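J.: Single-letter residue listing:
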Amino acid sequence: MRKNLNVIAAYSIMMGLIILVGIFQSWNIALSIFNLCLISAVMTMGANIQWGYAGLINFGIMGYTALGGLAAVLISVNPVQEAWSAGGSNILFSLFLIIGMVLAVRYVLKKYEKSKIRTYIIATIIILGIITIRFVSEPGIEAIEEVDPAKTGFLGGLGLPIIFSWIVGALFAGGLAFVIGKVALGLRADYLAIATLLISEIVIAIIKHEDWLTRGVKNVIGLKRPAPYEVNLQQTDWFINLVEKFNSSKLNLISDIAERQAALNQFVIEGSSVFVKLCYSGLFLVVVIILLILTQKALYSPWGRMMRAIRDNEEAANAMGKNVVKQHLLIFVLGSAIVGIAGAMLVTQDGLFTPGSYRPMRYTFLIWVMVIVGGSGNNFGAILGGFAVWFLWIEAAPIGLYLVNLTTAGLDDTHFLKIHLIESVPYFRFLMMGIGLLLIMRYRPKGILPEKIEIK
Amino acid sequence: MDFINAIILLLNYIFVPALAYGSQLALGAIFVTLIYGILRFANFATGDMMSFGTMFTILFTWYFQSLGISLGVLPTALLAIPFAIIFMIGYMLLIDKFVFKYYRVNKSPPVQLAMVSIGVMFVTQAVVRIIIGPSDRRFFDGEKFIIKAGEFKEITGLNEGLAIKSTQVLTIIVTMALVSTLFWFLNKTKTGKSMRAYSDNEDLALLSGIDPKKIVMITWIIAGILATIGGALYGLDKSFKPFTYFNNMLPIFAAAIVGGIGNPFGAFLGGYVIAFSEILLTYAYRKFFMYVLPETMEPDGLVQLLSTDYKFAVSFSILVIVLLYRPSGIFKGKIL
Chain L
6 MRKNLNVIAA
16 YSIMMGLIIL
26 VGIFQSWNIA
36 LSIFNLCLIS
46 AVMTMGANIQ
56 WGYAGLINFG
66 IMGYTALGGL
76 AAVLISVNPV
86 QEAWSAGGSN
96 ILFSLFLIIG
106 MVLAVRYVLK
116 KYEKSKIRTY
126 IIATIIILGI
136 ITIRFVSEPG
146 IEAIEEVDPA
156 KTGFLGGLGL
166 PIIFSWIVGA
176 LFAGGLAFVI
186 GKVALGLRAD
196 YLAIATLLIS
206 EIVIAIIKHE
216 DWLTRGVKNV
226 IGLKRPAPYE
236 VNLQQTDWFI
246 NLVEKFNSSK
256 LNLISDIAER
266 QAALNQFVIE
276 GSSVFVKLCY
286 SGLFLVVVII
296 LLILTQKALY
306 SPWGRMMRAI
316 RDNEEAANAM
326 GKNVVKQHLL
336 IFVLGSAIVG
346 IAGAMLVTQD
356 GLFTPGSYRP
366 MRYTFLIWVM
376 VIVGGSGNNF
386 GAILGGFAVW
396 FLWIEAAPIG
406 LYLVNLTTAG
416 LDDTHFLKIH
426 LIESVPYFRF
436 LMMGIGLLLI
446 MRYRPKGILP
456 EKIEIK
Chain X
2 MDFINAIILL
12 LNYIFVPALA
22 YGSQLALGAI
32 FVTLIYGILR
42 FANFATGDMM
52 SFGTMFTILF
62 TWYFQSLGIS
72 LGVLPTALLA
82 IPFAIIFMIG
92 YMLLIDKFVF
102 KYYRVNKSPP
112 VQLAMVSIGV
122 MFVTQAVVRI
132 IIGPSDRRFF
142 DGEKFIIKAG
152 EFKEITGLNE
162 GLAIKSTQVL
172 TIIVTMALVS
182 TLFWFLNKTK
192 TGKSMRAYSD
202 NEDLALLSGI
212 DPKKIVMITW
222 IIAGILATIG
232 GALYGLDKSF
242 KPFTYFNNML
252 PIFAAAIVGG
262 IGNPFGAFLG
272 GYVIAFSEIL
282 LTYAYRKFFM
292 YVLPETMEPD
302 GLVQLLSTDY
312 KFAVSFSILV
322 IVLLYRPSGI
332 FKGKIL
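Protein chains in written order, with my numbering: chain L, 6 to 461; chain X, 2 to 337.
It cannot be assumed that every hint is accurate.
Short, incomplete list of chain X residues facing chain L, as computed with Cβ under 8 Å [claimed, not checked]:
#1 Gly158
#2 Gly162
#3 Phe254
Chain L is nowhere near these chain X residues, computed Cβ spacing over 12 Å in every case [as the list claims (entries may be wrong)]:
#4 Val100
#5 Pro111
#6 Ile147
#7 Lys312
Simulated pairs of lysine-lysine, DSS-like, Cα-Cα distance not exceeding 25 Å [said to hold, decoys possible]:
#8 Lys213/L - Lys312/X
#9 Lys191/X - Lys242/X
#10 Lys98/X - Lys215/X
#11 Lys451/L - Lys102/X
#12 Lys119/L - Lys302/L
#13 Lys312/X - Lys223/L
#14 Lys239/X - Lys451/L
#15 Lys191/X - Lys154/X
#16 Lys214/X - Lys102/X
#17 Lys191/X - Lys223/L
#18 Lys213/L - Lys102/X
#19 Lys215/X - Lys423/L
#20 Lys451/L - Lys119/L
#21 Lys108/X - Lys239/X
#22 Lys189/X - Lys213/L
Bear in mind the hints are in silico, worked out from the structure with no lab data behind them. What you are looking at is a predicted structure, and each value in this text was computed from that prediction instead of being measured. C-beta: ideal position from N, C-alpha, C; glycine also.
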């Protein structure tokens with residue numbers, strides 16, 4: 006109990022802050038912060054597995070998040086039959102061609118010794134393959150994008166419940182990580198960082214511009230929900246009764262029946278959106294807890310010990326007969342898969358998929374700030390980092406506004422400096438993140454909750 | 002005649018823009034490579050440092066414009082750049098003193114320094130946005146074109162016009178002058194030689210009495226000059242927007258690594274490699290083939306290898322291929 010005192014204290018402070026937001030701003034805002042905190046926590050856990058357990062630096066988080074979001078679209082949207090009949094066969098044929106191309110390259114790689122000729126053969130296969138695929142897919146893509154472009158213009162998905170996409174998102178992200186890991190894991194740390202950052206940009210470019218698959222920058226809106234809709238809730242009896250019971254003390258003060266009804270309606274409308282957010286919180290909480298149990302078990306298992314050994318001294322671990330390359334690849338895939346889950350969760354909660362919104366600042370660097378601030382190598386630290394940094398990221402604007410008003414109190418309201426500062430309040434979040442990161446790196450380089458390994 | 006038209010077409014749409022863009026990338030890439038070679042970390046704040054320097058250039062340009070000072074046909078920004086450089090160098094040295102020095106003295110691993118540079122990136126980005134705002138700004142004044150497409154057609158009587166913007170010529174001239182001075186400095190002067198020695202082998206350099214503090218300071222000064230001029234030229238040629246500058250960091254990194262990180266000459270060429278491949282691969286060659294091929298063989302489609310949407314993706318793919326087959330870059334990296 007004593008040992009975990011700082012963990013409990015840190016989490017209580019965090020929850021206290023969110024509750025304060027609920028009391029002073031509104032429960033709606035508090036819950037949406039809480040939900041995004043949970044999603045950030047999942048992302049941070051994924052990055053923490055790679056960085057904290059194995060020392061792999063992955064700046065491609067944005068790419069995996071977007072792939073998770075793509076999974077949500079491909080799973081939950083209903084298939085567009087006209088598009089399939091217009092260009093589905095071309096797309097499927099191109100898919101077979103891609104598989105054939107990959108197999109051919111594999112065959113050449115296995116069959117022949119490493120030589121210049123082999124490299125040239127592979128290059129020829131790839132170039133020829135790309136040209137034929139373009140010839141096959143182009144008419145199909147054009148046909149698909151012409152099917153009702155204002156509403157669909159893409160193939161659609163499978164029409165399954167969106168919850169499944171959390172698993173599929175993990176698979177997608179893990180698959181991409183496998184390919185990237187095979188290619189890039191041999192690189193030195195900072196090269197790996199740059200390479201993954203650039204690869205994630207390529208992934209985003211593809212998602213943005215392949216309209217037949219993702220609708221690109223036209224966005225996909227109105228995705229299915231695992232939670233009830235507010236409008237439906239407002240008309241169900243049990244929900245109205247529940248709200249009435251909760252607010253009975255306030256309602257009883259109002260004697261006029263018409264007024265009472267109006268107040269009740271107001272409570273029902275507010276209550277419905279809080280209820281929906283609570284449903285999401287419950288779902289997300291389940292994911293976070295499951296992941297936390299699994300990662301904690303992994304951390305204390307022989308496998309976790311091996312990973313730390315590899316992280317701390319690669320050569321020694323290699324000499325002990327541990328397959329460093331294989332373990333690195335495994336952990337790269339696992340961590341990325343967790344980030345993929347978070348990506349799918351994010352799209353599920355938003356109910357829309359906007360490829361244009363994936364930017365490295367928000368989805369890669371901010372997550373890294375969370376990992377470093379929270380404490381790398383410690384799962385509780387990672388989750389706390391996700392909470393604390395996201396909370397600050399959202400509440401930075403109000404805090405900034407307060408500070409600006411405080412420092413410029415002596416100035417006239419129309420003073421140009423004051424107006425300028427108030428306009429630039431949204432950018433104070435960058436300043437806070439940057440200064441926070443620099444302070445933590447300098448004075449508490451292991452994070453708020455540092456890694457602590459007890460031998461059991 | 003058709004053949005000349007085709008050449009002019011390529012010059013107008015590929016060669017001139019790629020040369021200008023490549024010069025802008027090259028300056029950034031040399032900046033990255035110097036920091037990597039001498040201070041030994043990947044500087045993720047590159048793009049934002051460039052936007053910081055450009056911001057000062059813009060502020061001084063506005064100030065001069067309000068005073069009524071101008072350079073006639075040349076942009077006023079040229080006058081502002083030296084003042085901006087002074088502020089930029091001050092900022093760089095300040096950051097080094099308060100942030101990077103601690104980790105350098107403690108001999109932290111490069112990854113930690115890269116993380117710290119992310120913190121600097123956040124702060125710089127915030128400062129730029131708070132001072133000048135996130136919106137698009139143009140600060141170019143003076144004569145816009147050296148040759149307009151229409152004038153060119155009139156003079157030569159060709160079908161294709163060749164438009165050369167004055168900013169493009171300015172970019173190329175300034176880059177050439179700056180880069181040749183830099184190489185002269187690195188190769189011929191005593192300080193430059195000691196910088197190369199320090200980059201090559203730190204311990205040996207210290208043993209031979211090279212003062213590391215001086216080397217680091219000079220590196221930051223050169224970096225400040227490169228960042229300001231590179232950023233200002235990009236802003237003059239296109240426009241200034243903090244977010245674009247942040248994104249430019251990625252092709253700049255690609256250029257530095259393709260050229261062999263730590264090797265300034267490689268970075269210089271790497272900038273052009275990236276710029277030319279981006280534009281060559283995404284240009285629609287239809288018109289070119291219409292001039293070159295006989296009428297019966299004219300192509301139907303755009304004859305575009307990749308859609309322009311994938312402009313960035315091209316440079317990153319080149320980088321990935323280079324990293325896989327020649328991790329030290331096309332020109333052996335890490336020599337300086």
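J.: Hint by hint, note whether the structure agrees.
T.: Comparing the hints with the structure gives:
{"no.": "1", "hint": "Gly158", "result": "violated (38 Å)"}
{"no.": "2", "hint": "Gly162", "result": "violated (30 Å)"}
{"no.": "3", "hint": "Phe254", "result": "holds (5 Å)"}
{"no.": "4", "hint": "Val100", "result": "violated (6 Å)"}
{"no.": "5", "hint": "Pro111", "result": "violated (5 Å)"}
{"no.": "6", "hint": "Ile147", "result": "holds (34 Å)"}
{"no.": "7", "hint": "Lys312", "result": "violated (9 Å)"}
{"no.": "8", "hint": "Lys213/L - Lys312/X", "result": "holds (13 Å)"}
{"no.": "9", "hint": "Lys191/X - Lys242/X", "result": "violated (39 Å)"}
{"no.": "10", "hint": "Lys98/X - Lys215/X", "result": "holds (13 Å)"}
{"no.": "11", "hint": "Lys451/L - Lys102/X", "result": "holds (19 Å)"}
{"no.": "12", "hint": "Lys119/L - Lys302/L", "result": "violated (42 Å)"}
{"no.": "13", "hint": "Lys312/X - Lys223/L", "result": "holds (20 Å)"}
{"no.": "14", "hint": "Lys239/X - Lys451/L", "result": "violated (43 Å)"}
{"no.": "15", "hint": "Lys191/X - Lys154/X", "result": "violated (51 Å)"}
{"no.": "16", "hint": "Lys214/X - Lys102/X", "result": "holds (10 Å)"}
{"no.": "17", "hint": "Lys191/X - Lys223/L", "result": "violated (58 Å)"}
{"no.": "18", "hint": "Lys213/L - Lys102/X", "result": "violated (41 Å)"}
{"no.": "19", "hint": "Lys215/X - Lys423/L", "result": "violated (41 Å)"}
{"no.": "20", "hint": "Lys451/L - Lys119/L", "result": "violated (44 Å)"}
{"no.": "21", "hint": "Lys108/X - Lys239/X", "result": "violated (40 Å)"}
{"no.": "22", "hint": "Lys189/X - Lys213/L", "result": "violated (49 Å)"}
Checked against the numbered hints given earlier, the structure breaks hints 1, 2, 4, 5, 7, 9, 12, 14, 15, 17, 18, 19, 20, 21, 22 and satisfies all the rest.
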